[in-house]
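A.B. asks: Assemble chain Y onto chain B, guided by the hints.
Protein sequences, first through last, are from chains B and Y.
Numbering-wise, the first sequence is residues 1 to 134 according to our numbering.
Numbering-wise, the second sequence is residues 1 to 134 according to our numbering.
Calculated from the structure, these hints are not laboratory results.
Nothing here was measured: the structure is a model prediction, and the numbers come from that model.
Glycine included, every Cβ here is placed at the ideal spot set by N, Cα and C.
The reader is advised that the hints may include incorrect statements.
Derived DEER-like restraints, expressed as beta-carbon distance ranges [claimed, not checked]: (1) Y/Gly49 x B/Arg89: 44 to 50 Å; (2) Y/Arg67 x B/Ala3: 31 to 37 Å; (3) B/Thr7 x Y/Val125: 36 to 42 Å; (4) B/Asp24 x Y/Gly64: 32 to 38 Å.
Listed next, the stretches of chain B that the computed footprint assigns to chain Y, with coverage defined by at least 3 CB atoms under 8 Å from CB atoms of chain Y [said to hold, decoys possible]: (5) 42 to 49; (6) 81 to 95.
Here are the simulated EDC-like cross-link-like pairs (lysine to aspartate or glutamate), alpha carbons at most 20 Å apart as the crow flies [claimed, not checked]: (7) B/Lys108 x B/Asp80; (8) Y/Lys63 x B/Glu126; (9) B/Lys108 x Y/Asp80; (10) Y/Lys130 x B/Glu126; (11) Y/Lys108 x B/Glu6; (12) B/Lys130 x Y/Glu74; (13) B/Lys63 x Y/Glu126; (14) B/Lys130 x Y/Asp61; (15) B/Lys130 x Y/Asp56; (16) B/Lys130 x Y/Glu126; (17) Y/Lys130 x B/Asp56; (18) Y/Lys108 x B/Asp80; (19) B/Lys108 x Y/Glu74; (20) B/Lys108 x B/Glu6; (21) Y/Lys130 x B/Asp61; (22) B/Lys112 x Y/Asp80; (23) B/Lys130 x Y/Asp52; (24) B/Lys108 x B/Glu14; (25) Y/Lys112 x B/Asp80; (26) B/Lys130 x Y/Glu91; (27) Y/Lys130 x B/Glu91; (28) Y/Lys130 x B/Glu99; (29) Y/Lys130 x B/Asp52; (30) B/Lys108 x Y/Glu6; (31) Y/Lys108 x B/Asp56.
Protein chains: 2
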Amino acid sequence: MMATEETRVRQLIERWAAAISAQDRAGILADHSDDLLMFDFPSTVRGIGPYDRTWDFFFADPKGPIRFVPRELEVTAGADVAFATCLIRCEGTSAGVVELRLTTGLCKIDDKWVVTHEHHSVPTVESRFKGPAH
Amino acid sequence: MMATEETRVRQLIERWAAAISAQDRAGILADHSDDLLMFDFPSTVRGIGPYDRTWDFFFADPKGPIRFVPRELEVTAGADVAFATCLIRCEGTSAGVVELRLTTGLCKIDDKWVVTHEHHSVPTVESRFKGPAH
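In isolation and in its complexed conformation, chain B is listed as follows (with noise of 0.2 Å):
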């Protein structure tokens, strides 16, 4: 692990979830790739612009402020992939409080750290995946 990489991921991570709390829709995008990967909770999306899209029935009809703020964060970085981990409460969307899970997959590109992965999820509520183990 490289301590000074996980920093810099680290707080890539966090200044990208406080974007998303202040609906700052630039700084929600300012380190991502063109040609991203997103495994959102309904679908899979690629590309920055369809990415983009996915934040428009985000902050559509709030029921307050925005909350994104991410908790156990752990990251494991190389010198130049990373990969990224949390749990994430989010309050105040129409979709009221949600407890999800991500994983965050990055590349160094000209000294940058760019995000060209993210995998968003919620705890399933199908009884079908609900064994005596969970």
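C.D. replies: Below, chain Y alone, put in the same frame as chain B:
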């Protein structure tokens, strides 16, 4: 990107998926870290023991032969950190046919790639997350 490392990670994930189809419990765990973090469909799991037990439920009450087949596998590998994404069609378990999304995070330790993170999810069926953009 490092082509050789990318190939090694790709082969690891294909080997792991084949072990699932073969119900080879030792093979499923062979390349996994003792303290891996798994975002499973319904819950968060930490450690190889709890990870192993998630497969008890997976393999219980099968409806037919298990098939667990990745497609659109994309690997981003540096010298010692990598992540991978794929879509998986899973057949034969008690849950019926499942189309899932998988992100895998890996570190290279003593020249061996080790899975330290898996994020499994199914597209949500909750209407609160389905906007016109999807």
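A.B. asks: Does each hint hold? Answer for all of them.
C.D. replies: Status of each hint after checking the structure:
1. Y/Gly49 x B/Arg89: 44 to 50 Å: violated, 28 Å
2. Y/Arg67 x B/Ala3: 31 to 37 Å: Taking Cβ atoms as reference, Y/Arg67 and B/Ala3 lie about 43 Å apart, which means the hint is violated.
3. B/Thr7 x Y/Val125: 36 to 42 Å: Given range 36 to 42 Å: holds, Cβ gap about 38 Å.
4. B/Asp24 x Y/Gly64: 32 to 38 Å: Check failed, 50 Å falls outside 32 to 38 Å.
5. 42 to 49: Coverage by chain Y holds for the stretch 42 to 49 of chain B (3 residues, Cβ < 8 Å).
6. 81 to 95: holds (count 7)
7. B/Lys108 x B/Asp80: Holds. B/Lys108 to B/Asp80 sits at ~5 Å (cutoff 20 Å).
8. Y/Lys63 x B/Glu126: Holds, at about 18 Å.
9. B/Lys108 x Y/Asp80: Holds - the C-alpha atoms of Y/Asp80 and B/Lys108 are around 14 Å apart, at most 20 Å.
10. Y/Lys130 x B/Glu126: Holds - the C-alpha atoms of B/Glu126 and Y/Lys130 are around 16 Å apart, at most 20 Å.
11. Y/Lys108 x B/Glu6: The given pair, whose Cα atoms are some 16 Å apart, holds under the 20 Å limit.
12. B/Lys130 x Y/Glu74: violated, 29 Å
13. B/Lys63 x Y/Glu126: holds, 18 Å
14. B/Lys130 x Y/Asp61: holds, 13 Å
15. B/Lys130 x Y/Asp56: holds, 12 Å
16. B/Lys130 x Y/Glu126: holds, 16 Å
17. Y/Lys130 x B/Asp56: Roughly 12 Å separates the two Cα atoms, so the pair holds.
18. Y/Lys108 x B/Asp80: At roughly 14 Å apart (the allowed maximum being 20 Å), B/Asp80 and Y/Lys108 satisfy the hint.
19. B/Lys108 x Y/Glu74: holds, 17 Å
20. B/Lys108 x B/Glu6: Roughly 12 Å between the alpha carbons, so the hint for B/Lys108 and B/Glu6 holds.
21. Y/Lys130 x B/Asp61: Status holds; Cα separation ~13 Å.
22. B/Lys112 x Y/Asp80: holds, 18 Å
23. B/Lys130 x Y/Asp52: The given pair, whose Cα atoms are some 16 Å apart, holds under the 20 Å limit.
24. B/Lys108 x B/Glu14: holds, 17 Å
25. Y/Lys112 x B/Asp80: holds, 18 Å
26. B/Lys130 x Y/Glu91: Roughly 17 Å between the alpha carbons, so the hint for B/Lys130 and Y/Glu91 holds.
27. Y/Lys130 x B/Glu91: Holds, because 17 Å separates the two Cα atoms, which is no more than 20 Å.
28. Y/Lys130 x B/Glu99: Between Y/Lys130 and B/Glu99 the Cα gap is close to 16 Å, so the pair holds against 20 Å.
29. Y/Lys130 x B/Asp52: Distance ~16 Å between Y/Lys130 and B/Asp52 Cα, so the pair holds.
30. B/Lys108 x Y/Glu6: At roughly 16 Å apart (the allowed maximum being 20 Å), Y/Glu6 and B/Lys108 satisfy the hint.
31. Y/Lys108 x B/Asp56: Not satisfied, since the Cα-Cα distance of roughly 39 Å exceeds 20 Å.
In summary, the structure is inconsistent with hints 1, 2, 4, 12, 31 from the numbered list given earlier, while agreeing with the others.
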